[in-house]
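Chains as they are written, first to last, in our numbering: chain L, 1 to 312; chain A, 1 to 312; chain C, 1 to 312; chain U, 1 to 312; chain Y, 1 to 312; chain W, 1 to 312.
Honestly, the hints are just simulated from the structure, not real lab data.
Take these hints with a grain of salt, some might be off.
Intra- or inter-copy, both count: the list cannot distinguish identical chains.
Stated by the list, open to error - Cut-off 25 angstroms, straight-line C-alpha distance, at most; resulting in silico cross-link-like pairs (BS3-like, lysine-lysine):
id: 1; residue 1: 149; residue 2: 115
id: 2; residue 1: 309; residue 2: 126
id: 3; residue 1: 309; residue 2: 48
id: 4; residue 1: 115; residue 2: 126
id: 5; residue 1: 8; residue 2: 48
id: 6; residue 1: 31; residue 2: 172
id: 7; residue 1: 172; residue 2: 115
id: 8; residue 1: 104; residue 2: 172
Number of protein chains: 6
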Amino acid sequence: MSLISELKPQDTVKGNYLCKYKQLLKNKNGKDYISVRLQDQSGSIDGKIWSIHLGIGAFEVNDVVEVEGEILVYQENLQFNINKITALTEDSYDLRDYIPHSAKDIQILEESLFKHIDSVENPFIKKLLEEVFYDEAIYKEFLVHSAAKSVHHAYISGLLEHSLTVTELGLKMCELYEGVQRDLVLAGCLLHDIGKLQELTAFPQNDYSDEGQLIGHLVLGSELIHDKAKTIPDFPLHLEQLLKHIVLAHHGEYEYASPKRPKCIEAMIVHLADNNDAKLKLLEEMLTSSPEKEGFIGFNKILNRNICKVNL
Amino acid sequence: MSLISELKPQDTVKGNYLCKYKQLLKNKNGKDYISVRLQDQSGSIDGKIWSIHLGIGAFEVNDVVEVEGEILVYQENLQFNINKITALTEDSYDLRDYIPHSAKDIQILEESLFKHIDSVENPFIKKLLEEVFYDEAIYKEFLVHSAAKSVHHAYISGLLEHSLTVTELGLKMCELYEGVQRDLVLAGCLLHDIGKLQELTAFPQNDYSDEGQLIGHLVLGSELIHDKAKTIPDFPLHLEQLLKHIVLAHHGEYEYASPKRPKCIEAMIVHLADNNDAKLKLLEEMLTSSPEKEGFIGFNKILNRNICKVNL
Amino acid sequence: MSLISELKPQDTVKGNYLCKYKQLLKNKNGKDYISVRLQDQSGSIDGKIWSIHLGIGAFEVNDVVEVEGEILVYQENLQFNINKITALTEDSYDLRDYIPHSAKDIQILEESLFKHIDSVENPFIKKLLEEVFYDEAIYKEFLVHSAAKSVHHAYISGLLEHSLTVTELGLKMCELYEGVQRDLVLAGCLLHDIGKLQELTAFPQNDYSDEGQLIGHLVLGSELIHDKAKTIPDFPLHLEQLLKHIVLAHHGEYEYASPKRPKCIEAMIVHLADNNDAKLKLLEEMLTSSPEKEGFIGFNKILNRNICKVNL
Amino acid sequence: MSLISELKPQDTVKGNYLCKYKQLLKNKNGKDYISVRLQDQSGSIDGKIWSIHLGIGAFEVNDVVEVEGEILVYQENLQFNINKITALTEDSYDLRDYIPHSAKDIQILEESLFKHIDSVENPFIKKLLEEVFYDEAIYKEFLVHSAAKSVHHAYISGLLEHSLTVTELGLKMCELYEGVQRDLVLAGCLLHDIGKLQELTAFPQNDYSDEGQLIGHLVLGSELIHDKAKTIPDFPLHLEQLLKHIVLAHHGEYEYASPKRPKCIEAMIVHLADNNDAKLKLLEEMLTSSPEKEGFIGFNKILNRNICKVNL
Amino acid sequence: MSLISELKPQDTVKGNYLCKYKQLLKNKNGKDYISVRLQDQSGSIDGKIWSIHLGIGAFEVNDVVEVEGEILVYQENLQFNINKITALTEDSYDLRDYIPHSAKDIQILEESLFKHIDSVENPFIKKLLEEVFYDEAIYKEFLVHSAAKSVHHAYISGLLEHSLTVTELGLKMCELYEGVQRDLVLAGCLLHDIGKLQELTAFPQNDYSDEGQLIGHLVLGSELIHDKAKTIPDFPLHLEQLLKHIVLAHHGEYEYASPKRPKCIEAMIVHLADNNDAKLKLLEEMLTSSPEKEGFIGFNKILNRNICKVNL
Amino acid sequence: MSLISELKPQDTVKGNYLCKYKQLLKNKNGKDYISVRLQDQSGSIDGKIWSIHLGIGAFEVNDVVEVEGEILVYQENLQFNINKITALTEDSYDLRDYIPHSAKDIQILEESLFKHIDSVENPFIKKLLEEVFYDEAIYKEFLVHSAAKSVHHAYISGLLEHSLTVTELGLKMCELYEGVQRDLVLAGCLLHDIGKLQELTAFPQNDYSDEGQLIGHLVLGSELIHDKAKTIPDFPLHLEQLLKHIVLAHHGEYEYASPKRPKCIEAMIVHLADNNDAKLKLLEEMLTSSPEKEGFIGFNKILNRNICKVNL
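So that you can see chain L by itself, here it is in the shape it has in the complex (with noise of 0.2 angstroms):
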């Protein structure tokens, strides 16, 4: 079965993707047809059903479609001419295989999860991060969850890998520096961006919440570290404060909308490594998508400018 990302124009295609997007339109001589977005784990594509008759079945946006028909050329991006179009049933397809999702291996990663947190020393900030990655609710989703809509890492387990990259580079420039308080930047490293649960719905939406855009991820992520250190006797006042300012501070500027900008050298560390995996994640997610060996592959709008891939 054809993935997306190699459909060229001219094929002539049969497969299975998810539909993201559905609507009934007219054309200019009244007759009706129908626009969609198909996905699958490489990619999307727009199609049209431009004649409804009996080979149209029944479908939602959500629902995983068997479809057939030819690729075209329409104002310079491909185009899915759809002949047929079938619902699956839901219990004939895992709705993951249809979602783009991290490139690595999961299970490594909790493992590297769980190791770091039983390497922290300081108990409070031990027990805070159990209070969080032991809660069956939030590690569930936090399994799962992209760390973006867009832009980078928005994919099935974008966040878990997001969170541990952020880690491995923080938990470097601890090495590389006196005074640091690994233990800090290490829950700092993990928490960051713990607010994108309620931020970003679940997929397959993976869309901003009401709560997201009123609130926000990173306030969003200081009130749980608020509420659970509440349920911690005992836990230091001014460790709730340092880990909250971490996480208000990640963005580094203003800005960005930091409410905080990184005033210990903690905070730095965290919203530099932040900083760092983000830009570099979008380049990597940019190159080895490119079909070119090298050269320069093509404008991205988030750096704006061209960007070269290089191979000596």
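With chain L's structure known, arrange chains A, C, U, Y and W on it following the hints.
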């Protein structure tokens, strides 16, 4: 007894003032002298004790002292040349006599506050306001706290005065536009700076707390709403989110340390009312404290411009 | 007759609308067709006349036309597929029926305007306001002019409505602060946008004039004050300067094209009141025109954010 | 008699200078002393009269005084230790000898000005220039006014010199491009800063007037054109608008307090020519006043960088 | 033969043009069609070959083709509906006839260039200019290269024309100020954009090279000076540094990708002259290409404003 | 002998220090005195020689002097009241004892440097690194040079230490992402600041050279790569361009004086690693030099915020 704002070069003065700063120094010839800063309701002045003799009694920062000496001009500022100084006993004065306070009648402000709370129709918003302002520990502080370390409303009851002026402005805006949720605006106006109770320490210090520097009054206020809402049975989650949004967004733009920008008209009103009062109180304080009748009265550093006083 | 705001896909429509745009084009096959834009009080819609036959009468831009046809969706927007179109004779309609106008009662606004002018105590300011608003040529236009080409108050009597709301807000601020010259604030509020009479052409065009593009409404307003003040014997030069300052400074900052920033509290009040109304009217227009009861109702390009409608 | 720019530490000096500042102060021991600022064409120096005795005659700010004393270094600046001081009678000196002035030959500048006016072909533009520069009250001031309070051209005839250099540059640009209206550029260059006659008071003060602070030289210049154009029969409105546009737009960008940005090539030329002269005169003044032959000669605050003098 | 700039809707056209772009596409019904872009000295136009038949010969990008067809309007732009197309043989045309070029007389520009070089008095600067412009490989390219990919001077000999206009402006500034090193300014003007020979590929591509994207013309120009200076015995290091500084600083500010800002008056002159020509050439190109006689002729995206053409 | 960092008010001191500044001045009474600045590894202090007598020997800037005197507080800073001063002979001390230096073991840093070079697989990159670091003149300076005039790493071997920490961080990032060219990152990290050898003069001056001010270390580093690459047979042009790009882009954004922004992931890594070390070293220097155990330890001007030291 002379108010500091009325001291003039060459005055011989005897008076009581609050000592805000004290340091033992040495002059070029190795002789000890003491540098102090004295304050009353009307302002503050630097002082020097050039010669340490019997008339110079023991005193500490935040003591009220009886002082005798003369007023000089040194590098374009007034300076108090102190000949005698004695600490008063704590029961012989009221500290609040030596700290600037609101020019408004506090009792009228209090009545106004409770009338506003009574006017709320939504039972959950009303209950939340009562949980905050009927909480004795909070209310006692709210009555006397400043709204700033300096800049504007940096005096006793400044927070109370500011919150109520913002409410006046916010309610006026509610009248002028369709479809505004008045109860939400009112609660937002009264609560928007409530986190300043934690951000700034009480008088006579009135300085940024650690918590203030690490978390900030926007998130502290949002957290207070979160904690109080939890104590109210069935408090609607969406309402809690909206109230927190209003507090988190009241600085209006990211660069002023708001983690969210106003997304509903109620949050926009609270932001605008707060901004109006900040700018206008700043100007009012400058105009009323200037001895000039009209014309350009000096440069305002916050606004970065010369200010003109008008008298038709 | 159907209001444009109420048209839906697949409607068959017959109605009268103002033609705002008309162009003869050719399709791929070299066949002529006509593209138009139709408007009424409630909004506007693009239309196509695909086939030019007897039912397509002569008509020009700014004619009111009787139209028959069907409503389609084209590239996510509604489109009027026109089968018949005829221009109405000029005496058979009132142009103002086809242009959006203020939702407020104009007579009440007028009464309010003159009560404000009557309340002025300073004889020179009062005389100047009378010279402006009792000038028949000015007043006739002031009653119907918009306050903007688009964005907010872009409708008949928008300037009148905006000027009076700004006045309401400005006068409220006068009450709340010491030492504000009320007469100056009032005149500033009423006159701050008077230059828009020259900056924007009258309806139905309501577009930037050459003068508007080269000089702008701030300087045009300042010039009007200059010219009117000259006609009043003994008009104090300083008062003329202050009034011009208020008008020139009402955008608040250089980057919003103000050649001066507010330097007296009166100019600051006019600027803040204007800014309040601009932001809040923009939101009010979006909230009242949205069919949604509550929740996020769409992205606002001017404010660059999603907007949330609240309904407790 | 020693020029102030030539004074050195330990010099014993007797000379005549203009007193720009005078204040009676008290030292630590309560003894009176006087602080002054003295000026001549070459620069200015602070002075102190430590002991007030018979040799210290009566004198006021803006008097020319005969002074005797010695030159010291105090906190890295020269200071004049005054032993004797006497005011000269007003008829015994020419105030202009004590104020810096243009290094150019004024008569040549004047001839150049009138040759430029004569060269104008458009009769309305020519008439307008004559109304301005043949107006005796304006011309008398134009000949001596500075073009700035400080920064560059802050000397007698600075405005004349600046206006003519801008004209030279503007006319050169007219030669190099197609379709430029030379008369409009010429008038724009000569008139662009004419509002400085009102913005800055005459020498010896040369300081911002109230009008300057409230209205500014861009709008004041535009207003002068407006008033003069009215006196010329049939002056084309469009031409008045273009001339006002050029003056209002000559700072080039909103953030430099231009209410309009240049929209025609003629306005762009005037803006660029003005900007060129501002930057280059600033550097020329710094280079010619530096005693160094070459190399880095110091930090320029306006340009915010070290400046290098080149000598091949 | 019709120039592209003169094509109008409904024209039937037969002519020769350069093919700049070609792509085989499929329409909705799966039928192949070809999209092209055609260009001549006067401009460019999109074209479609809807039907691929015998009249459609083989042709490639950068071929000159003979084309027949009709001109339509599609989505507000002209479009060439192509019926016949044939590639011309390479020896039957001069590629330069199909690319826009400078309107100036190239021979006069060349004479002017060498007269400028001859006028240099400093022997090292003169030698360096000769090393560059007498280098046949460089000079051959310099004569025809553009000064930009688009925006302004994006035509054959654009670099030559731009360099000489900048020189004219720079030399005029040298006349007007004291103490400017004319030879350095002249060399700076002639060399400031020399790195564009490497930054942009030759015509007909005229696009950014890899080197251009990775290094940029400022550093490439500085490097050329470095390499050429090395070949001149005893070339003073300080002079090399100054020339490189002028080239590196000619964009004036960091945000325009200058790694240094102008620190000597000579660098400032080159920067200002370059900036003047960039802005004015942009406007001249817009004014001369507009068919309107006067008035607002359209929106300029680079300057972000409407442009007004003046005709007194 | 007392380290400057350990001096306290009222100490009587005898010690050897490097004289960094010396000026002969006159006090109010015309008496000569000398102002100096003394420095050792631990910091620096201002000093005054109020009375010039036999104990005051001849000495110059950059001499090491033996000094006797007392420590006072003057305007909140320590001041050294010097009674005796004598220059030591040059052979009686090691200048490096009086200049701050890296706290790291230099031999370990050197070993690390060469191990990194050995690890390079690409023969051209390896050869280029050897050409630079095996060049005796370069290497001798590289070992001792600072990485800054002030701010961070402004000490002996600061450049070496900084380059290696950046390398550590860069190599960690190489491990974490797919498809990164490790050799290029490694070379970029080691070479990114190599231009500082020319930008800053050697110790004891450690100040900006003319070349540094006119060209800057980014372009100077790029030029060094250019010159060294030329000496290596068949060095690939594209590789030279990439290495120069990495150096030119390492400040990340135009406003930080990078003429190019990072366009390949390798350049991005070098930029991020450099930025990480700059921010974290700055904080580490502040934390380790503060005598406080924890809490807010003062305002950092570069970061423009109060800094908090954490101690769990």
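Hint check:
For the identical chains of this complex, residue 149 and residue 115 are neighbours neither inside a copy (29 angstroms) nor across copies (43 angstroms), given an alpha-carbon limit of 25 angstroms. Taking CA atoms no more than 25 angstroms apart as the test, residue 309 paired with residue 126 passes between copies only; the shortest distance there is 21 angstroms, against 42 angstroms inside one copy. When the C-alpha separation of residue 309 and residue 48 is checked against a cutoff of 25 angstroms, the pair qualifies neither within a copy, at 35 angstroms, nor between copies, at 34 angstroms. Taking the shortest Cα distances, residue 115 and residue 126 sit within 25 angstroms of each other inside one copy (12 angstroms), while across copies they are farther apart (38 angstroms).
In this assembly of identical chains, residue 8 and residue 48 lie within 25 angstroms of each other by CA distance both inside one copy and across copies; the values are 16 angstroms within and 22 angstroms between. For the homomeric pair residue 31 and residue 172, neither the shortest alpha-carbon distance inside one copy (62 angstroms) nor that between copies (52 angstroms) is at most 25 angstroms. Taking identical chains as interchangeable, the C-alpha atoms of residue 172 and residue 115 lie at most 25 angstroms apart whether they share a chain (16 angstroms) or sit on different chains (19 angstroms). Taking identical chains as interchangeable, the C-alpha atoms of residue 104 and residue 172 lie at most 25 angstroms apart whether they share a chain (20 angstroms) or sit on different chains (18 angstroms).
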